[in-house]
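**Q** Residue-level listing of the chains:
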Amino acid sequence: MDTLKIRDAADVEAAVRAAIASEQPLEIVGHGSKRSVGHTMATNAVLDVSALNAVTSYEPNELIITMQAGAPLADVLSLIDSKNQEFAFDPMDTSVLLGTAAGQGTIGGMIGAGLAGPRRIKAGGARDHLLGAHAVSGFGDSFKAGGKVVKNVTGYDLCKLLAGSWGTLAVMTEVTLKVMPKAEAERTLVLRGLDDVAANRAMTAALGSPYDVSGAAHVPHSAFKATEGALGALGPAGQAVTLLRLEGITVSAAHRAASLAALLKPFGAADLVEDAASAALWRAVRDVTPFAAGGPLGAWPVWRIVCPPASGGAFGQALARETGGDVIYDWGGGLIWAALPPSADAHAALLRQRVTAIDGHATLLRAPDAVRRAVDVFHPQTDGVAALAERVRHSFDPKHILNRGRLTRTAIS
Amino acid sequence: MTIMMPASDQTVLNRRDAIIADLRAIVPGEGVISSAAEMLPYESDGLTAYRQPPMVVVLPETTAQVSRVLKYCFDNGIKVVPRGSGTSLSGGALPLQDAVLLGLGKFKRIREIDFENRVVVTEPGVTNLAISQAVAHAGFYYAPDPSSQIACSIGGNIAENSGGVHCLKYGMTTNNVLGCEIVLITGEVLRIGGKAPENAGYDLMGIITGSEGLLGVVTEITVRILQKPETARALMVGFPEVEAAGECVAKIIGAGIIPGGMEMMDKPAIHAAEAFVHAGYPLDVEALLIIELDGPSIEVDELIKRVETIALGCGSTTCQISDSEHQRLLFWSGRKAAFPAVGRISPDYLCMDGTIPRGALPQALARIRQLSEKYGLGVANVFHAGDGNLHPLILYDANKPGEMDKAEAFGADILRCCVELGGVLTGEHGVGIEKRDLMPDMFSEVDLNQQQRLKCAFDAQGLLNPGKVFPTLHRCAELGRVHVHKGQLAFPDLPRF
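Taken in order, these protein sequences are the chains called X and H.
Taking this note's numbering, the leading residue of the first sequence gets 1, the next gets one more, and so forth.
Taking this note's numbering, the leading residue of the second sequence gets 1, the next gets one more, and so forth.
Because the hints were derived from the structure by calculation, they are not lab data.
Each residue gets a CB set at the ideal place from its N, CA and C atoms; glycine is no exception.
There's no promise every hint is true.
Quick list of the computed label-pair ranges, beta carbon to beta carbon [what the hints assert, rightly or not]:
| # | chain 1 | residue 1 | chain 2 | residue 2 | range |
| --- | --- | --- | --- | --- | --- |
| 1 | X | A374 | H | I150 | 47 to 57 Å |
| 2 | X | A51 | H | G402 | 50 to 60 Å |
| 3 | X | A102 | H | I150 | 51 to 61 Å |
| 4 | X | A357 | H | I113 | 48 to 58 Å |
| 5 | H | D437 | X | A54 | 28 to 38 Å |
| 6 | H | P401 | X | D383 | 29 to 39 Å |
| 7 | X | A258 | H | L312 | 25 to 35 Å |
| 8 | H | P362 | X | A51 | 44 to 54 Å |
| 9 | X | A258 | H | T309 | 24 to 34 Å |
Could you put the whole structure together from the sequences, leaning on the hints where they help?
**A** Written out as structure tokens, the structure is:
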């Protein structure tokens, strides 16, 4: 299989046009850190955009950064960190879960996957922070979406579609993202020993309070059998922890932490973790370290389940019990990571039926090839929505040149 | 009228009586309005300079009725213009002579309040403010707050992706909407998203929001609600130079402070507002900033101090800090009433809505001053300074021949200037008909073609709200054609590995 290393945006256009002419679908790759997500693609060549790695402009006072899509995420994060800014949606580092080399991943991959971290409950996801993009569609045309300002309603908001599209609509060549100032301080309250349903209630109470909670996660006791690092260091193994984060200027974070601890008294006494130690905890939650590829559950398939937050605890508890798996909750219960014991379908039939019943959806983020051939990796949609989504895809890439087959099993023909 | 709308379909107009009868069979009673007098209120939206009676007004009450009306129109090749409360400032709900005006005003019920999941499920005709009011008893509110929030509908907010003074910190409509029920032009009813924090598959909710009624008719919406901040206080800071005010805004953000709201007014706007509401605005300054900080008192008090220090460092000459809710609201009263205030000093005004990079504010204002002299028309500027969204109000008198055309040309020049400075044509009011013909100043033909292809995925016949947003309409078949560059060597000179 050919790998085409493009040098500039014009190369992308040329490569896509040639691919259209020869009807040879392309797999779009930055660092390739998320290639194992989705279905095996029916592509004949790899389009490597990692050479598009420049930061075009960074204006901290405008709260925006523009860079080429192949820019390494780690480099960009350290650049904006030098100005005390961050991507508020807290993009996940998938290397822990997927077992790829640490520090790999590009900005384009981050947007294409759209995997936001714990702060999504407060700050939104990748889709909320992508302001503009230049991309090459499956027509072989370079087009512009959005702009380079934070407030813009000119024309359709095509950026929303690009975020989370897993490279199936267009090849992004340049993106503009919103950046936000980092909080001066952070405080995390730690509640101990709650079962999943009680923890869900505690998180719901916290998120319904005026204390501006920016992280609400629960790690049940069983998940600890496998945990080291920041989460493991929290206390005696075998005890569940519920984490609630408050960020802001120091006096405010401290004040709100105290107020929230008082509100959550009925759920037990809370310990307080501050600043760097708190940040390490949330990185571990974000990157799902208890289910690390290199850890004891590394061989288990991992699902990413999104559901109405208040339904999460009961759902996850039942799922873990019935499958013998482990779960971790983020987003106040609205995001559940489930590592389930290996099986031919990764328990897809049971899980999908249950998750659909609570108006949620599930993505099989990690699984061996054979399992991904057997089940739908991405949540099947209702017929009407699926048909509309396919028409939308077709409006960007009618010849199905880009990442063919990644999202749907049926697309491979 | 200086803008060309799509040609009327005479065969549709010839069948008007039959069409009305058919529509009455779907929506009985008062839901179909066809007399000229009764259709009068629907002739225009908030862009009142443009008026056009529709062929007929239909006000359905159920999703099933919406579905049947749309299917009927689809089957019969009849255009449809959706309408919420009709407060659009860009003409998004301007009727067409040969189109059904589909009003969602009867969808007035909040269907569910779910505090546990922090969402409200509502019908589209409910006003923006009514959502906040319905959850206020539990300390919640719906964050986006367009200044028309007493009247504008949440369905219209979806169509326009409405903003407001608090969107710097809390986002626009698109950042606060989770799901919807949408009826396509074919009559098909789809549910997109729901109470989950993120949707599966392509972000269709994201593309529906801000689509200006061109993609479908939304009949139910799920929005996020937030807990109200414990307290809010505002500073009112005057500067002898616009540049100094702009610098102050940049430094506040540079210091890592994101205020709940940060608004700027220039001298003409300050004077008009003060004469109207007597908010105590200083009259001897060139620029006034209203900066609101919200959160726990302990945080707000600290940030007020920091912002005051920054403002002094930038050369502010006056600074008042609200010490009561009454005073905070008084500071805001002038800004919130800026449009009607300007309406008092000028027979007519045109409200523009471009966004620029914040740092380009002095250049933009200087350019607007030059244009004001060139066109001989006054202008007052109000500005969502935090997010770079500029609202120049162009003063004119529609009774003077040619003056409205002049005002429109002035406005178009301002928006072109916004694009030249790295900004965009509209920050929150939408393209509608008002900025439609300026789209090529911001987007290439290729860009616009890609947007119209997306329209084809929802409405291949182009029956929903035609003539809005896009200056040139293409047939979907033509747009969908892929140009194959045959004979082109596959990947001619790319390095291979």
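**Q** Which hint numbers does the structure go against, in order from smallest to largest?
**A** 4, 6 and 8
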